[in-house]
Every structure is written in structure tokens, then in C-alpha cells.
Amino acid sequence: MKEEIFLGNEAVALGLLEGGCQVVTSYPGTPSSEILPGVIRLVKSDGLNTYTEWSTNEKVALDNAFAAAISGKRAACCMKQVGLNVAADSLMSAAYLGTIGGLVIISCDDPGPHSSQTEQDTRLMARLAKVPVLDPSGPKEARWMARLALDISEEFKVPVILRPAIRVCHARQNLSWKSLHSNETRASFEKDPTHWAATPRFRFLLHKELNRKLDAISRRFEEMEGINFHNLEPGKRYPLGIAAGGVPYAVVQDILKEEERTDIPVFKIGSPYPFPERLAEQFLYACEKVLVCEETDAVIEYFLRDREKVMGRLSGHVPAEGELVPHVIHRVIDGVLKSLGLPPLGRENAGEAEALMKQLELPVRRPTLCPGCPHRASFYAIRKAQPKAIFTSDIGCYTLGLNLGGVDTCLDMGAAITMASGFYHAYAQDGVEQPIVATIGDSTFFHSGTAGLLNAVYNEARFVLVILDNQITAMTGMQPTPALGTRADGSKGNAIPLEKVVAGCGVDFIEVVDPYDVKAMISVVKKAAQYTRDPSGGIAVIIARHPCVIAYRQYALPDRKKVVVTDDCVECNFCLERFECPALYHDDMIGRTAVDQALCIGCGVCLNVCPKDAIVEA
Amino acid sequence: MDNMNIVLCGLGGQGILFMTRILAQTALGKGIPVMGAETHGMAQRGGSVVSHLRLGNVEGSLVRAGTADILLALEENEAYRTLPYLGRGGRLYANASPRVFPSPVVASYLEKHHMVCRCTDAGRTAMEHGRPMSSNLALVGFFSAFNEGPFTFADLRETVKQISPEQFMATNLKVFDACHEIAADKKR
Chain V
1 MKEEIFLGNE AVALGLLEGG CQVVTSYPGT PSSEILPGVI RLVKSDGLNT
51 YTEWSTNEKV ALDNAFAAAI SGKRAACCMK QVGLNVAADS LMSAAYLGTI
101 GGLVIISCDD PGPHSSQTEQ DTRLMARLAK VPVLDPSGPK EARWMARLAL
151 DISEEFKVPV ILRPAIRVCH ARQNLSWKSL HSNETRASFE KDPTHWAATP
201 RFRFLLHKEL NRKLDAISRR FEEMEGINFH NLEPGKRYPL GIAAGGVPYA
251 VVQDILKEEE RTDIPVFKIG SPYPFPERLA EQFLYACEKV LVCEETDAVI
301 EYFLRDREKV MGRLSGHVPA EGELVPHVIH RVIDGVLKSL GLPPLGRENA
351 GEAEALMKQL ELPVRRPTLC PGCPHRASFY AIRKAQPKAI FTSDIGCYTL
401 GLNLGGVDTC LDMGAAITMA SGFYHAYAQD GVEQPIVATI GDSTFFHSGT
451 AGLLNAVYNE ARFVLVILDN QITAMTGMQP TPALGTRADG SKGNAIPLEK
501 VVAGCGVDFI EVVDPYDVKA MISVVKKAAQ YTRDPSGGIA VIIARHPCVI
551 AYRQYALPDR KKVVVTDDCV ECNFCLERFE CPALYHDDMI GRTAVDQALC
601 IGCGVCLNVC PKDAIVEA
Chain C
1001 MDNMNIVLCG LGGQGILFMT RILAQTALGK GIPVMGAETH GMAQRGGSVV
1051 SHLRLGNVEG SLVRAGTADI LLALEENEAY RTLPYLGRGG RLYANASPRV
1101 FPSPVVASYL EKHHMVCRCT DAGRTAMEHG RPMSSNLALV GFFSAFNEGP
1151 FTFADLRETV KQISPEQFMA TNLKVFDACH EIAADKKR
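Residue numbers (this note's numbering), protein chains in the order written: chain V, 1 to 618; chain C, 1001 to 1188.
Worth flagging that the hints you see were computed from the coordinates, not collected in a lab. Where hints are given, some of them may not hold.
SDA-like cross-link-like pairs, simulated, lysine to any residue; straight-line CA separation at most 20 Å [as the list claims (entries may be wrong)]:
hint, chain 1, residue 1, chain 2, residue 2
1, V, Lys178, C, Leu1011
2, V, Lys358, C, Arg1081
3, C, Lys1030, V, Ile5
For clarity, every value in this text was computed on a predicted model and none was experimentally measured.
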């Protein structure tokens, strides 16, 4: 028996492997990114046969895992909640087709949101697809549920979703564990085209079959201990009860324990779908009012049908958006108790401190590109070369290019390209020549850039596309891309150069440039823009290639420069606003811009930026 | 032992997660259940980073505002920003110069709620030892002099030894010891 502090995502990895998971696929995205590396670490330490891969996107990940599962193996795929949108096409169909081996889809939610475009709730996706979903409250339970999900999936032949929210994924908890063993089940796909390639007529039958499976699973969940439960005393009636799932359940438990409130019963919902109807009826019967604490959207609240009794996000008793952090839940419970004339919770003094903080007017810390980030150099050059362009961009570290005025739009993965063609046609229709520069990261381009680029070339759109190639998936924690040729477990795969993919999409103008060479980059962007206006031109693609300074410290900075600001600085703040390097700051003591030597990593790119040439090499 | 709530804060890149790991591992070494919450992703890119650590039998990973026993801050403004977490009688350990920190208005708030502020220029100590990035180790070294809960000097130091990467271990310990000495001198 070993004991270790596990990250929630590593606990999920442990649960999957304890459940004999043989195939794990994933596309990185906060807060899910550490699951696959967690699996790989345990596979290596315990010598397991589990196959792992970083897939090129979430749909690809799910399709791969699905094929393994219908070969009789246990499989899982991991993604963030918006990744499940990309995999939704696959998910909806897989629900009908069912599975042979256990198939678990892990979709990590981000209430807040801390690192996502939306606060969408995976439990609603599960309901939409009609697949069971388990909602853990902490790492320990996530581990148990990962394994349970595999078991339930295999027994009932249906994919199961596990939905850990960010505070489970990035929680840490001590767990004990024993050595793991490989699952030796061999692939044996049995052909049955009327099932696995079902036509719409048979899909109707499959839908019927799925409904039957859900009924059976619902009965199983009612019988099982530890998923859905309440602590009502038989025959007793309560003025208020709390129904909760996921992270808010853990918070509610802590608050009631700290406040010694044994007068408030709690109903824990671990499987929001299929919903534990029988327990819900008991709870609604015994309680005058039921407060629902859940993240992120309303699901439990919808399923609890008594609108007179139920209070939650829909009724306005709980904030309709945002993370339910402990002090918010504390306030909500306290408010509800007071409104019902029940004894309130203990006093909370956080309000006073919050008021004090407002009074202090602390600097807002917005996220920013790292010192030395090659994307900063690219955005600076792009704006210099094409000041009037619309800048469509995409999802990754480089979305922070908006701090430099280099990002006007961010919709979804791949939209830098599809929106660039959309803008082009919208303006071209009016006979207007609107310059457009799209920026997309290397990993995002592999994820969902090609379909949009093919479409744009095919339909004769014109714009400049800059692929910001830092040779890594940086934002989510440095995962490799297909161009690198390194696979998830560190072994060698086939490297697929971006140039070849772009050429394969039908693009004739392809230039590779190092953005650290700002002058060269500016001139390439100008040339590319000219090409988009040329009668015989078209889409111009620039690959701005420089390694990420965090992932490849030495190799990214072969020639470090010591940079200082001279008295020629006239405090125009051009560098602070347009270059926005964290190492450049306004020093109030000396009355001009200065370099924070602790933050500066010596890339020397800022030497090209000052209009008065006051930034120089020491 | 009663449950203990700790909040650690600073800026992305200051090593808050490593500092949290030192404390968590030390507590676990004494058989105390640990639960924590970290910041990853977009929020890590130079923004405010807050990490939570809870010792004892708790369910949730987040410290509720107004209930932290200890606040460890690697940066002054972040110390102010996370002050709402600190509970009555809580202790604030900050990487800040005692000459300017805390500001008078904050000092009177701390006093009113029986909170204690202990600060040291951990960043400068780290710099003097040639590793400006080690202000996290310096602050933990300072903290180790006050025997908070399970966190004795010897146990914290042992954890630093165990989990520091080989190439930084010697400097990490030097910085840790130096700041421990500063705190010990202060107490004398």
C-alpha cells in the first residue's frame, strides 16, 4: 500500500486504471489536461499495457476510444467541457449504438469560468445525449466513480460520462493505493452492420433500447449505496432540506458540520442523470422547502418537479451564474434560513474585508503573455505591418494577444480561419477590400484549422493567416503537437510538418519566419498582405516559428541580451501599451520606463520597439 | 488536531504550487489528511494565483472566506487581495518589507480582528543567495520559525530536502535556513 497526494485528475487516472482501462485518449484543455499524463505516469511505474494518445481533437479522441470499446476493451477519453461540443456528434450517436467494453467519457467542467469560453454544464450534455453521468464531489470520489463508470458502462452496454468540475480536477488529496495490473482482454470486434452501421430505421429501435437501458441503470443506482443518498430520519418532517451534487455538496457538508446544523438534512445526487426519482420524492415529501446547490447550470432543480418547494438558480435564491465558492453558499444558506424564519448561520466577517480591499484599489492582474513569448513579437509585427486589419484569433495562450491590440475575435477552436473567410466574404460582397489577419496556434491548427482553411481556399477567400508555431500546446501545460513527432508517452511518432499540411489545403503562399526577427516578420506580413490583394493571389500563410520560452528555455534563447532603458525615454508608454512585456514597467522613482531584471529573460525583442530608441543593449 | 485552513497566494510563476506541496507533504508525513485546491491554465499566466490547503477531515478543497488560520503571501498586493480569507485570530505571513507593510488601514483591520502580521523581505533574502526565484522557499523558511500546527522547522526542512529537484536542493536549503534565522532572531 502506497500513500501519495493526488491531484484530482490523477485520482481519475488511478480509478480508470484500477478499473482495467486499456485505452485512454485525450485532447488537452483546462481543467482536464492532467488526466492523460496521470495515466501515463502510472502505466510506466506499474508496467501496464494501457495504450495512450494525445489525439488531434476531442471528436477524434472519442471515436478512437469508441472503436476500442466496441472491440470489447475498456476505454476512456478525456476532455474539457467545451471539448465535448467538438465530440458531440460522436457522443450522440455512440449513445444509441452502445458499447461492448466499458466506455467512459470524462468531461471536466469549469464553473467560474476560470479558463474556458463558457460555463456550460456537462450534465445537460449527458441528458441531451441520454447517457448516464456521474458527478464526483472530490478526488477520492472521482477515483471511485471513474472505476464505477467503466463497470456500469460495460454491464449496461452504454457510454457513461464522468463530470468532475475544476475544484475536483485541481484539488489535491491524499490517497492510498496498491499496485496496478494490466487488463489482458483482447480485441475481438464482432461484425454486425445492422447494429454498428445502423440506418435510421434501426436507429429508432436503438433509441428504444437506450431508453430501456436507462430505466435499468436508474433502478441499479437506486439500489447502490454511495451514489445517491439522503440523511432523513424516518417519519420526521423538516422545514428546510438541501439537495446538492458535485463540489457544492462537499461545501454544504463542511458548512453544516462547522455550524453544527444537524437540523438540515442533505440529499446528495451523484448521478444527476438518470435522476434518482424515488429518493427525490422522499426528500420533497419530508421537507417543506428544498434548497438546491449545484454547478454550473440548473439540472437537479429541473428534475425536482415541485416548483413551490424548490429554491435554486432558477428561482433566484442562488446566483444564476458563476462558481458556488464556499462563502457564496454560506450566504445563500444563511439568506434562505432567515427568509424562512429559521435560526441563521454564524456571522461571516468576510464582507468587511472585501469592502476594505475595494477601498485599497489594488492593481488588476490580468493574465499576460510571458516575458520572451514569441507570440508577443508576432502580434507586435502584425500590428505594425497591418494596422487597419481585422484580427481574428483563436484559443490558446495567444488569445492574450488582445492585450497588445492584436486580437479582435475569439469564438471557438479553429474560428480564426473560418471567421477570417466569413469577414472576407461579408466585406467583398459590398466591394470593400478589408484587410484581415488571422492568428492561430500550431496545436489549434491541427485540432480544427484544416477544414476551415480548405473551405476558405475552395471558396476563394483572401486573408493573411499567421500560424503561431511555438512547437508545443503551451496553455494547457506543454503537450506535444503532431508537428513535433513526440507522442504522449514520450515515444517517437511521425512528425507532420505544418508546411505540408498547409500546402495540402491548397495554399500557394507559405513563408516561414522567426518572429524574434521583428523586421523580417513585418516585411513578410506586408508581402503576404500584398499577395492577398494581387489578382492572381489568394490566401497567404505565414508560419511564425519560435519555440515556447517556457517549454524550451535553452533552445528558445540561444543569445540572451541584457536590456536597459536609457534617459532618452520620454514616457510615451508606447512600449508598455503596444508591446506589453511584464518586464517593462513605469518606474515612478526615476520617472521613466525601466526593465525589471528579475522578470526579463533577455530575448531582446523589445530592442526593436522604442520610437526614441531608448531601449538598448547594456 | 483541529482542522486547519491555509491560503497561499502570489503571482503566477512565483512557485506557489511548490510552496503548497511543501506544506501538504509535511502534514501528510505526520498522518494528517490533506485537501487542497490549485490554479492552472489561463489564470497562471502572470495573474493572481491562490492556492488552498486544508488539514483534517474536510470534504471541500476551498477555504471559505473569513475562515483561514494562516495566509502565506508572496506579494504585497496579493496579500491584501486575499485578506478576506483570513479569519479572526489568523496569522498573515508575507513576503514584504516590515517598513512598509502592512499599510496603516490594513494594520488597524488586522488589529481589530486579532490577526497577526509577520513579514520579511523574502525576495531580497532569495536574491542575496543568488536565486531570486526562491522567495517561496524563503517565506516557508521564515514561517518555519513559528511552529504553526504540524509545521515545525525540522519537518518542513526535511520535506524541502525530499522534494527539491537535485540541482536546486542546496540553494533551496540555504535560502530556507537564512529566512528561518531571520525569524528566529526576531523572536529572540
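Results of checking the hints against the structure:
1. V:Lys178 / C:Leu1011: Outside the cut-off at roughly 37 Å; violated.
2. V:Lys358 / C:Arg1081: holds (9 Å)
3. C:Lys1030 / V:Ile5: holds (13 Å)
In terms of the numbered hints stated before, the structure departs from hint 1 and from no other.
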